[in-house]
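Peer 1: Since the structure of chain A is provided, determine the placement of chain B on it from the hints.
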Amino acid sequence: MSPGALLSRPGVAAVVGTVAVWALFAVVAGPAFRSVSGAAAYLNASAALGILAVAVAMLMIAGEFDLSVGSVVGFAGMALLLLTRHFGWPLWPAIGATVALSAAIGLVNGLLVVRTRLPSFIVTLGSLFVFRGLTIGLARHFTGRTQLGGLDRVEGYELARVLFAADVGPFRASIGWWIAFAAAGAWILHRTRSGSWIQASGGSAEAAREAGVPVDRTRVSLFVATALAACLVAVLQAVRFTGADALRGELQEFRAIAAAVIGGTLLTGGYGSVVGAALGALVFGMVQQGIVITGVDADWFQVFLGAVLVAAALFNDRLRRRATEAG
Amino acid sequence: MRAVFVIGRFLPVFLVLLGIAGCREDGEQRQAGEPAPLRVVYVTHGQSSDPFWSVVSNGARAAGGKLGVEVEYQAPLTFDMVEMANLIEGAVASRPDGLVVSIPDPAALGRSIGKAIEADLPVVSINSGAEAWERIGTLAHVGQPEYEAGRTAGERMAGAGVRIALCVNHEVGNAALDRRCSGFGDALSAAGGEVEVLAVELADPAETRERVARAVATRPDLDGLLTLGPTGAAPVLAALREEDAIGEIAFATFDLSPEVLRAVADGEMLFALDQQPYLQGYLPVVFLAVHAETRAIPGGGRVVRTGPRFVTEENADEVIDLAAEGVR
Numbered sequence: 018m019s020p021g022a023l024l025s026r027p028g029v030a031a032v033v034g035t036v037a038v039w040a041l042f043a044v045v046a047g048p049a050f051r052s053v054s055g056a057a058a059y060l061n062a063s064a065a066l067g068i069l070a071v072a073v074a075m076l077m078i079a080g081e082f083d084l085s086v087g088s089v090v091g092f093a094g095m096a097l098l099l100l101t102r103h104f105g106w107p108l109w110p111a112i113g114a115t116v117a118l119s120a121a122i123g124l125v126n127g128l129l130v131v132r133t134r135l136p137s138f139i140v141t142l143g144s145l146f147v148f149r150g151l152t153i154g155l156a157r158h159f160t161g162r163t164q165l166g167g168l169d170r171v172e173g174y175e176l177a178r179v180l181f182a183a184d185v186g187p188f189r190a191s192i193g194w195w196i197a198f199a200a201a202g203a204w205i206l207h208r209t210r211s212g213s214w215i216q217a218s219g220g221s222a223e224a225a226r227e228a229g230v231p232v233d234r235t236r237v238s239l240f241v242a243t244a245l246a247a248c249l250v251a252v253l254q255a256v257r258f259t260g261a262d263a264l265r266g267e268l269q270e271f272r273a274i275a276a277a278v279i280g281g282t283l284l285t286g287g288y289g290s291v292v293g294a295a296l297g298a299l300v301f302g303m304v305q306q307g308i309v310i311t312g313v314d315a316d317w318f319q320v321f322l323g324a325v326l327v328a329a330a331l332f333n334d335r336l337r338r339r340a341t342e343a344g
Numbered sequence: 002m003r004a005v006f007v008i009g010r011f012l013p014v015f016l017v018l019l020g021i022a023g024c025r026e027d028g029e030q031r032q033a034g035e036p037a038p039l040r041v042v043y044v045t046h047g048q049s050s051d052p053f054w055s056v057v058s059n060g061a062r063a064a065g066g067k068l069g070v071e072v073e074y075q076a077p078l079t080f081d082m083v084e085m086a087n088l089i090e091g092a093v094a095s096r097p098d099g100l101v102v103s104i105p106d107p108a109a110l111g112r113s114i115g116k117a118i119e120a121d122l123p124v125v126s127i128n129s130g131a132e133a134w135e136r137i138g139t140l141a142h143v144g145q146p147e148y149e150a151g152r153t154a155g156e157r158m159a160g161a162g163v164r165i166a167l168c169v170n171h172e173v174g175n176a177a178l179d180r181r182c183s184g185f186g187d188a189l190s191a192a193g194g195e196v197e198v199l200a201v202e203l204a205d206p207a208e209t210r211e212r213v214a215r216a217v218a219t220r221p222d223l224d225g226l227l228t229l230g231p232t233g234a235a236p237v238l239a240a241l242r243e244e245d246a247i248g249e250i251a252f253a254t255f256d257l258s259p260e261v262l263r264a265v266a267d268g269e270m271l272f273a274l275d276q277q278p279y280l281q282g283y284l285p286v287v288f289l290a291v292h293a294e295t296r297a298i299p300g301g302g303r304v305v306r307t308g309p310r311f312v313t314e315e316n317a318d319e320v321i322d323l324a325a326e327g328v329r
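Residue numbers (our numbering), protein chains in the order written: chain A, 18 to 344; chain B, 2 to 329.
Just chain A, with the same shape it has in the complex (with noise of 0.2 Å):
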């Protein structure tokens, strides 16, 4: 294979992105960002966004988009908080009203999208606000405050404390669940009819159809699929900060199609890479903490990622078309 067509995978070019920024923020910010603790820093920073990106992006690759995400991470956070802590449930039958609720919302999102043909941007750009409303909203009516806390004393804490926010030395669990769920979408992808009939329908729907693939119903279980990844970080964060805040996982949305691009996903869809998402989110990691570790004060953080936002799409697009024309 040559080095042209090497990079032309989906994916690979992340890789260089990733060691890149890496290396320049080994050169600039010393060698705090190069220790042990740096790392740490920087992946524990990654792992909610890369779960997020990783269905974000298959979503993607089969050519919608899903801009609730972050309203969801709230809304399933608020709901495991207020079931437990308002209500008197036990945790796990709460976690796992929570994960139906979730999916309830993803299906909701996907039957919207494929039964009125409407583009998934508006209905999902709907559902950001409703959910985002119904969390402060239901948060106020029942308790009169929008954030709770208090998990930690509630039945069940100490399994789901192993489970979702134990440290191993300076590393967090969410680290271990990001890169099971990666692996879990690059094999979805890459290793199953499932993973095919994704591609095809983000390629071009009308001819997968034609070719028998079931594009709705691959569109709704992705649908499904962001909203358990946003279920997932919600559970996550609460366990980790026994405790819910009806503003969590906000902007949460744009950063996940942000990383699904950093690591080469084409936002018109059938093209892409989950592990290259899950490295968007490393990337975004790194330069977040890069800047701190750095010295330079978050106000600039923006910048900086809008700047590797563009590199990188800029980047992608070369190295694609370049395969391309040297077929």
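These aren't lab readings, by the way, just hints derived from the structure by calculation. Mixed in with the good hints, there may be bad ones.
Unchecked claim - Dumping the calculated SDA-like pairs for lysine to any residue here, alpha-carbon to alpha-carbon at most 25 Å:
no. : chain 1 : residue 1 : chain 2 : residue 2
1   : B       : K116      : A       : F181
2   : B       : K116      : B       : R303
3   : B       : K116      : A       : D169
Nothing here was measured: the structure is a model prediction, and the numbers come from that model.
Peer 2: Chain B only, in chain A's frame:
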């Protein structure tokens, strides 16, 4: 080969980023033998675009400039405790000589702050967290004890003859604000008066104005009003003007804004309580610099109080000038 060529074309982008990020290091080249300056990192929940927090950040930078301490200021883009915990971890990984944090949600941030303390990093907390800093173990807390501040406000109002007052709370459930109202209530009770809490919506100033106007119109015995921040004060001021009750009802608020200062200067408001955010930025740098040299730190297990200070008709004009400079 083509791939190498493509990567080569993007090299300038990375070099530019490298250059931007490298500015700081160019700036700190110094004579050999001179000791490296202390580096203190602030991680708070207040974006520096927020006027209150930009005064904190100005105070920190001013102290850094005077004492030769490098000050960095970090805050999450939104009020996001997960993000803030990540920023604290990043700051700790950069091994500064001191860390300054606010603690708006002790349950969410306790673990990350605890890690910094375990790593033997001197940590001072500011602003929110007066009730949690000792448990978490920061060296000192610089801020305003909310209950006492509320009580001081109540005593001052009682002194001005107020007996029946409303505490207008725009965020019921926020523990710090609840404590302000309860301190206020206790002080007026001690003076033989009473306080009722009026819960209003921060996001709905029109309704706040409406409800305060109704309370003023229907309760002739009402002679005092306290709001817990400038966002709550604006609609209340509008309601008092509407009902022509200015001067009849003593009105005061926590914290400053240009509108509040103007109203105090014009005598429409009795006073404003200033928690002096500039000091919340300035003092931690001083404490950490002294601590680095001598291990000395304020003791006694009490909050180092930056407030409340009263802004009244007498000194409001002076404060207006200072506020324009971003130091009050």
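Peer 1: Would you mind marking each hint as holding or not holding in the structure?
Peer 2: Quick rundown of the hints versus the structure:
With a C-alpha separation of about 19 Å, the suggested pair B/K116 and A/F181 falls inside the 25 Å cut-off, and the hint holds. A C-alpha spacing of about 23 Å is found between B/K116 and B/R303, which places the hinted pair at or below 25 Å, so the restraint holds. The straight-line distance between the Cα atoms of B/K116 and A/D169 is roughly 19 Å, inside the 25 Å bound, and the hint therefore holds.
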